[in-house]
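*Asks:* Based on the hints, put chain B in the right spot on chain A.
The chain contents come next:
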Amino acid sequence: MTLEVVDLTHRYGDELVLEDISFEVETGEIIGLLGPSGCGKTTTVQAIAGHVNPTAGRIHLRGEDITADPPERRDIGVVFQEPTLFPHMTVGENVAYGLRPAGFDPDERAATVDRYLELVSLSEQREAMPAALSGGQKRRVELARALAPQPDVLLLDEPLSALDRGLRDQLREEIARIQRETGVTTLYVTHDQETAMALSDRLVVMADGAIAGVGEPRKLYESPSTPFVASFLGRSTRLPLTPPGDPGLTLESRALAGDGGTPADTGRICLARPSNLTLLDSEQPKAEYTLAGVVERVTDLGTRYEVVLTLDAGGKLTVETQRVQLESGDRARCTIDGTDLLLFEELPERVGPVY
Amino acid sequence: MSTHTRTTWIARSTLLVPALLGGLLLVYVAVPFVAFLARTGTADVLARLAEPQAQVAVRNSLLTATTSTIVATVLGVPLAYVLARRSFPGKRLLEGLIILPLVLPPVVAGAMLLTAFGRFTPIGSIAYAVGIELTGSFIGIVLAQTFVAAPFVVVTARAGFGAIDDRLERASRSLGYSALGTFRHVALPLARGAILAGVTLTFARAMGEFGATYMVASNPRTMPTRIWVDFINGGIDAVVPVGLALLAVTLAVLAVVQRVGRVPTVIER
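Line by line, the protein sequences are chains A and B. So in this note's numbering, spot 86 of the first sequence is number 304, and the numbers just go up one at a time. So in this note's numbering, spot 135 of the second sequence is number 139, and the numbers just go up one at a time.
In case anyone wonders, no lab produced these hints; they're calculated from the structure. Incorrect hints may have been included.
Just some of the chain A residues that point at chain B, by a computed CB distance under 10 Å [unchecked claim]: (1) Arg292; (2) Glu300; (3) Leu303; (4) Ala320; (5) Ala364; (6) Ala366; (7) Pro367; (8) Arg541; (9) Gln543; (10) Glu545.
C-beta: ideal position from N, C-alpha, C; glycine also.
So here's chain A without its partners, still in its complex pose (with noise of 0.2 Å):
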């Protein structure tokens, strides 16, 4: 394995921003690292970048504890959040940068900025300044300059947030076939769930300054570690837990006997995904398993819509779908099969707010 974040934890002061960061990146993996802003991402990076020392905790490249090492002798390439292009020196003077102290000849030097400068399509601009390049291609040059060194680690921390969205989209394909083409280990730090999805081998998704679940992303988004994963990899509503023998809950029941056969009360959670929730038309012979209540409103969304129910049971319930007859006011039931379902354990919570 190429990188191992053991054990990290960091405070600013008395704020404790990192807590027990424990991860792994195996040679030519891409991992997301994702999370909602100020939940610790950036400040990790920094830290296997070595910008920042972390209060306790080590860090391994390739086996080798580099906790202790400046960021010049650590072999990681990073390309940060805002551009940081030298704007004293032209676009391909940017790439060669990190060329000298990575130990290559003058001749190897030009040819390896030719070769990255093509990598990112931008042959062209090899003389340009960098103030003249337009958005996306300033994070281009950044990332050939990052990658020309030929780092054991590429980090990238929110490279494209700042971008508008065509770009976005256009720049992810472009760092997912880089990444392809080079095999180079990359952590990829952003906010946007559906670039981690797109881009990532596995995820490790932070919220709070601490680890909320590791796993593939088609995995991690199908059986959730956690109600915050739950949430913040796609979408998600929680159903009420009463009492088993509750009228009109007989759902909870069904669901916790498929769960082993315990008993439906509290210290559970049950969440589920608003697609997987089946509005029932009042025609409709009663379901075996319901939830009724009163249609708070409808909203449009354009490729569907989502209805927002305020339960007779208590709490409300967001549901998707494609077609409704419903007004607000109106009473309504819905449905779910009981394997999608999402459980859990009401832990003594440190991973922050559920929804």
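*Replies:* The following block gives chain B in isolation, referenced to the frame of chain A:
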């Protein structure tokens, strides 16, 4: 149309008072220049400048001001970098200390230098014992000029370094350069304009330094001390030639500062 005229008239009239006051100041600043230059016809400038005494003063000034500027730059630019990049307890105190010579009357600065480095002070006597005179010598002039002029390069270079996004330096570190290499390849070239402006201002201040220099080392003569002596002995017309030479240096410095002296806006967004 009439409302347009009216608005213009109001806009004009609102600026009338500040324009009048400001104009008065401009005239006041310009008049001495004109009057002084008008005197040049009455004095034989070139002949007077060719006299040995004037030549020595010009040479001494160029020599000492250059030395002071080099000392101030070599020590001041690193200080400026530290002040721009690090925060530490007592930093504000240091920042106050470094600009103190800018507001301190030079004569007082000279008196303070004498109390610290005078012939009969501990430092002065030790230096004298090994054959170095800290007052009444070239070294004394350089001490006075450096004390008074060094803050210019520190303050200006600090502003230049401060304008550089420190992420550029982090990028450089991650690309394999040490802190020193990063300073040389990123910080120094990007702050070049600001540093040059600071160096030029320091040189100009050192060339023109009179009060502290006169206290610490009235001999050997520099251009300002020569002007004073000429004035005492020969009145205002005697001052014109060397005065003009100093004015010429000042104008050249101003031209250089206007040319290079913008603090660079380093990161384009």
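*Asks:* All hints, please: hold or fail.
*Replies:* So, going through the hints one by one against the coordinates:
| no. | hint | verdict |
| --- | --- | --- |
| 1 | Arg292 | holds (7 Å) |
| 2 | Glu300 | holds (6 Å) |
| 3 | Leu303 | holds (8 Å) |
| 4 | Ala320 | holds (6 Å) |
| 5 | Ala364 | holds (8 Å) |
| 6 | Ala366 | holds (9 Å) |
| 7 | Pro367 | holds (6 Å) |
| 8 | Arg541 | violated (46 Å) |
| 9 | Gln543 | violated (50 Å) |
| 10 | Glu545 | violated (47 Å) |
Hint check: violations occur at hints 8, 9 and 10; the rest are consistent with the structure.
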